[in-house]
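Chains as they are written, first to last, in our numbering: chain A, 1 to 210; chain B, 1001 to 1394.
Bear in mind the hints are in silico, worked out from the structure with no lab data behind them. We treat Cβ as the ideally placed atom computed from N, Cα and C, and that holds for glycine. Hints should not be assumed to be uniformly reliable.
[Unchecked claim] Listed next, the stretches of chain B that the computed footprint assigns to chain A, with coverage defined by at least 3 CB atoms under 8 Å from CB atoms of chain A:
id	region
1	1026-1033
2	1038-1045
3	1119-1129
4	1377-1388
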Amino acid sequence: MTRASLRRQRGITLVELLVAITIMTVLTTMIIAGWISLTKAYSSTSRSDKQRDSSNQAIARMAREIRDAQKPLGAIPAAFTYSEPYRIQFYSTFNMAGNSDPTSTPRLTQFRLQGGTIYRDLLTAAGVVSSSSILIKDVVNEGYHPNKALFTYSAVDAYGDTYSSSTTRTVSPATLQTVRILLLVDLNPGKSPNYMDISTTVQPRNVRHQ
Amino acid sequence: MVRQWNERGATLILVIGVVATLAILAAAITALTVNVQHNTATARTQSKAFNVAEAGLDAGQSALWVNWPKPVGNETPSPLPSVNPTTFAQEFVSSEFPPPKTGAFIDVKFYDDDGNMANPGMRTGYNYDQNKNDYMWVVSRGATGSRAAKVQAMVKKVTLDLRIREGVALYTDSTLSTKGAGNQPVVGLDPPAVAASAYARGGWIANTDQTDLEGGIALNPDQALPLEQRTKLTDIFPDAILTSVIETANGAQKVYHSQGDIPVEAWSTQPRIIVIEQGGVDTKDIPDTDPFGVWGDGQPGNGDPGILIVLSGDMKSTGQQKAIWGIVYLMDGILLEGNAMIHGMLIAKGSADLRGTRAVNYNSNVVNNLNRPFALTVKVVPNTWRELNPHSTP
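Just chain A, same shape as in the assembly (with noise of 0.2 Å):
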């Protein structure tokens, strides 16, 4: 080895590394920070939009349902047979094999909300549940304060008047008129809290005040 070769082979200095190794860590904790910035706000946005559009087909779903109420043939005497703030249950023909059969016959169907989870429930004609599908979870309208009811119920009083199911005066299910559902759900759930309220009116085509 000569002379000029190893003074080429000059290596860096204790101060050179030392800002190297500074500058790379501010530029990773950079990148890492954004990252997981990034990421944090994909998963929340995503988390968002997916309940919104589940809140969305939810509502749409019980609504038709409930449009659709039917009372069968026999010594049942309405269409609606529960009208409780958190719990609707009625008979309907919605999404049957066969529907377009007039003749066909209603089946006992409910949406419940219990432990923040709307459940869509078949069931016997004894009232017991037959099956059961999740609609949407993180629905807040049982811990929200004050309570917000799932199902309000409007009715005709022996007056002609109108009114509405409230913590004072319920409906009967075999006089309501009307369903509004109000659906509150939190977008960011285990996160900070993000309520949404949708609501809608529905009005069931089978008791329609003649």
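Starting from the known structure of chain A, arrange chain B on it as the hints suggest.
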């Protein structure tokens, strides 16, 4: 600086990696947003298609109201009711309700019911009321954009049996004044009627001659009876019928504030009922009930009579030729002079002052035709409405 053989472009790779990751995230968020927007748009379109189908159901009911297809004998009635898709579509703004990608914008079908009232079914082989029981099914399919909806309901023809007393030319709770031109009677008879009654509870103020009432018109024939047994207005035209008739007119938007609000087609469309809230009605300013007939010939016009009700204030004529075929019911009085004429029956709570040529001719055909049950409306039978085949499965 001399480039070392082992120097690598780590920074560039790092930057490319970060940019690629950012691009993937941005694309994912965009895709998600687009998907949500698409779902929302689809739900809105589905809702619009449902509204179109429901409007089709209403249009079907309306078509049945105008023309309930009940066969005479065993023959298929003609024409059958229909909903014109072109006219129907004109009611919808095309920017909000674009034409469907496939199929018709609206398709309304009519079927007979199977006669089973407990669990009504449909007979798709008959598109008219073959069993003549006044029940039919309407099936409406509406479509807009990429979505369609279908609804069906059984409907019932609701009729009103008027039960108006026949053989009454005129009734007034007040006085009847008559003054015919020359020997002409002002209260008479249209053939084939040969006799009718006229009631003037406040008395008759007659002209010097007694020819104001045509032979065959008996004035106050129950005068000899005790007061409580005499014919009352409600015996001739019951209040319940009056209420039903006014409600029917209200439902058909045929209650008008004043005569100036009455469209010319008011008589020619069903139901032939006109209710005017404000008096001061002049016969020359209301539609002719017999636009195609020959005035005063006593023949045309009695096939499609109507009912004219004035709720407040009086009615008069100012001489113009005008024929009203039907029943005129006034809460107040009437002055008819000149050539105006009622073929049917006149009921006035106030006084009736009849002058000039014939003013009221009792027409038995008119009253008989009005006494037939006629379609008040076509209603959805509760518990038969269904939305068919929603697209999702349980």
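Hint by hint, here is what the structure shows:
1. 1026-1033: Our answer is that it holds, as 4 residues pass the Cβ test (under 8 Å) against chain A, meeting three.
2. 1038-1045: holds (count 3)
3. 1119-1129: holds (count 4)
4. 1377-1388: holds (count 9)
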